[in-house]
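From first to last, the protein sequence lines stand for chains A and B. FYI, my numbering numbers position 104 of the first sequence as 104, with every residue one higher than the one before it. FYI, my numbering numbers position 673 of the second sequence as 1673, with every residue one higher than the one before it.
Keep in mind the hints are simulated off the structure, nothing from the lab. Where hints are given, some of them may not hold.
Unchecked claim - BS3-like mimics (lysine-lysine), calculated; alpha carbons at most 30 Å apart, straight line:
no., chain 1, residue 1, chain 2, residue 2
1, B, Lys1649, B, Lys1552
2, B, Lys1154, B, Lys1181
3, B, Lys1371, B, Lys1344
4, B, Lys1322, B, Lys1294
5, A, Lys94, B, Lys1552
6, B, Lys1399, B, Lys1087
7, B, Lys1510, A, Lys2
8, B, Lys1240, B, Lys1169
9, B, Lys1454, B, Lys1344
10, A, Lys91, B, Lys1181
11, A, Lys2, B, Lys1509
12, B, Lys1332, B, Lys1294
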Amino acid sequence: MKGYVVVVDDESEVLSTVREVLEDEGYITEGALTGSEAISVIERKLPDLVILDIWLPDRDGLEILERIKSVHPDLPILIISGHGTIETAVKAVKLGAFDFLEKPLDR
Amino acid sequence: MKVERSRIRKLIGIFVIFMVVSLLLTFQFYLEMKKGISLYPINLVVFLIVNINLIVIVILFILIARTIIKAYMARKRGLVGASFRFKVILSFIGVSLVPAVFLLVLSVGFIHKSLSNWFSSRIHAITDSSVELSRAYIEEKNKRMSLIAEDVLKSDYNTLNNLEHFLNKYGLMAIWVYNSKGGGIGVERKSEYKKEVDVINSVREAFESRETSVFYSGRYYFYIKPFDGRVLVIVDRLPKDISKGLGYIESIYREFMHLNKMRVYIEKSYVYTFLFIMLIVIFASMWFGLQLAKSVVEPIELLILATKEVSKGNFSFTLEVKGEDELATLVKSFNEMVLELGEKTRLLEERRKFIETIVESVSSGIISLDKEGRITIVNSAFMELFGMDCSVDELVGKKYYEVFSRDNYRRIYEVVVDFLRDRGLQERRPFVASVDMEIKDEVRNLFIKVNSLKSSYGNIIGFLIVIDDVTELTKAQRALVWEEVARRLAHEIKNPLTPIKLSAQRLLKKYLDRVDDKESFSRIVNTIVRSVDSMRRLIDEFYRFARMPEVKFGVTNLVSIVKELVELYSLSNKNVEFNLLVDSDFPEKILADGEQLRRALINILDNAIHAMYGSGRVDISLKYDKERNMIVISIADTGVGIPDEEKEKIFAPYYSKKDGGIGLGLTITDRIIADHGGYISVSDNYPRGAIFTIEIPYRGV
């Protein structure tokens, strides 16, 4: 088993595609469409990596990032965004994000 | 000078009157003398009293008449307070005249009656008969004496015994016989006769006149008769009462006769005195009235003067308060009123200045109209908004339709008229309208608010129209909305791109081995991937435009930016010749957003190179227009040029001639230049190509 990855994105299409690509590579994945769902998924089983969309319907992705980081400071979190600006990227990294990827995602 | 002259005139007048009066007096004097009236001292006094009275009366009368005429003339000329003065004088004269005339008539009548009584015929008869009585007595005495004298002269009058005989016989007091030498003989009743009267003079007269004469003195009667060169003097005694009465009657009679002659004068003197007193009373009351009128009119005159001053705006004008009466109170309250009025006016003026300053300092165009539609206030922002080149004062007082009915302002006119006609007079709420209007060939979005101005009683006294040019605001608002739309759009479009791209890549990875035509499969999938990438770039460009940052002014070296760009473009475009021309007085450092200007220029250069299909010439010039204080950048290319009908459109969004361009490049450039307060325009280059000219105001460092 390569690892357990939680993918958070409000777009189910994006979510499923990303999960399928990762599963192709042999990762075990779990998806979440909202911020609160993501938090409960993470609480159920601590993943090795979280891929987090910054634009979520219920809560700001950065807020979710902050919350996860406060409980699991060592958990690597990858931020994906559709409208990445340098400020959000810097802010995300400052909050402890592992990296910042801009959509559309590439292999 | 004027005062001097009138004084001299007065003096001359008095002198003339004096002369005339003296002449008349002398003439009268002369006439009276001729009539034979003797001028005893008493007569003279009466005469003088009569005439002095007359003079004074005439003078008083003239004075009174003069005052009345003067007051009347003043009233006719409408002088301040003249009417009041005239009325006061007339009423005072009237009030004093009635009793005075009444008294005058009464007293003149009384005097006349008294004098008539005094000089009545009965009194005449009494005096005449008493005089006659005394005269008869004397006559009787004379007769007796002449008989005695004849008796004496018949006898021997040279002997004392004889004389003694007669003395005793007739009971006489003395008998003397004087000779021509003054000597003579005589007998006297020594015990009773007291020689009180010297008869020598009478004797001498008798010698000369040779006529018998008679006189009485005291209680004695003297009979003097000349004869044969001698004079006989007989002295008899008068009874005590008769001797007194005779003298008294005689003197009374003389006085009476004299008075009778002077009667007219006496009556006249009384009448004149009364008349004089009456005139004095009238004069006094007139004078009193004048003073009263003066005491009333003078403060009123001052008040009128002060009111005029105050109405002219002189609020520092205060009156002196004299006395303690009602007028003083009036003046005092007037002063207070003026003071308060001045204070209020000052406050009002301050407030007006304050409002004026506010009205002038706001950026909204403000115009206010009164009920008749006349412009009362207009600020310079309003004038500026509509590009009016007349002064504010020119508009104030004009009717609003005279100003707005011109074609340029028709829309405003319509809005205002709509408001005024349809609801202006009833509507309590402000009326708001957003109007697009073409002003100076530019469509401006105007926000018009019409408010009715109400007095403190609630009735409408005018309208206040506030006009805001919200074009820029609308633009900014639109930009904000636009940015939000762009953001969402970018997000919504970009989001599905991820599954498309990832799926395509997955297809390639998962199924490449399983398909027969591997080459075309991978080409097709890669087309999808490339198209997704191109779409992404497109969205990025669009999004960048939508959220273009505001210009940040900083010290910028425009020349070096352009030089850098020229170098950069020369390297990548070997077939394009770049020429840069910089004016010697071009400022080295300006205040601008260098980064954005660079972007603006890049967009133009990109277009130019694109229009030349990669070969040609680009001339860039940097100039400084000192007169207009403008920096002028022109970029001329030798490309295909821009047809006239498209020149206007090229700066609008989504106009593009480039493949893969979405037509935002020049729009961005236009916006950057506009943010710098400048303009961009395009014209034809000769013989071919286009010239882009950027003009931005020079801001020094």
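Hints, one by one, checked against the model:
Restraint check for Lys1649 (chain B) and Lys1552 (chain B): satisfied, since their Cα atoms lie roughly 28 Å apart, inside the 30 Å limit. Between Lys1154 (chain B) and Lys1181 (chain B) the CA atoms are separated by roughly 23 Å; this keeps the pair inside 30 Å, and the hint holds. Between Lys1371 (chain B) and Lys1344 (chain B) the CA atoms are separated by roughly 25 Å; this keeps the pair inside 30 Å, and the hint holds. As the CA atoms of Lys1322 (chain B) and Lys1294 (chain B) are separated by approximately 13 Å, the hinted pair is consistent with the 30 Å bound.
With a C-alpha separation of about 27 Å, the suggested pairing of Lys94 (chain A) with Lys1552 (chain B) holds against the 30 Å cut-off. With a CA separation close to 50 Å, the supplied pair Lys1399 (chain B) and Lys1087 (chain B) exceeds the 30 Å bound. The hinted pair formed by Lys1510 (chain B) and Lys2 (chain A) meets the criterion: a straight-line CA distance of about 19 Å does not exceed 30 Å. Simply put, Lys1240 (chain B) and Lys1169 (chain B) have alpha-carbon atoms about 21 Å apart, close enough for the 30 Å limit, and the pair holds.
A distance of roughly 21 Å separates the Cα atoms of Lys1454 (chain B) and Lys1344 (chain B); the hinted pair therefore holds under the 30 Å criterion. As the CA atoms of Lys91 (chain A) and Lys1181 (chain B) are separated by approximately 181 Å, the hinted pair breaks the 30 Å bound. With a C-alpha separation of about 19 Å, the suggested pair Lys2 (chain A) and Lys1509 (chain B) falls inside the 30 Å cut-off, and the hint holds. Between Lys1332 (chain B) and Lys1294 (chain B) the CA atoms are separated by roughly 19 Å; this keeps the pair inside 30 Å, and the hint holds.
When held up to the earlier numbered hints, the structure conflicts with 6 and 10 and fits the remainder.
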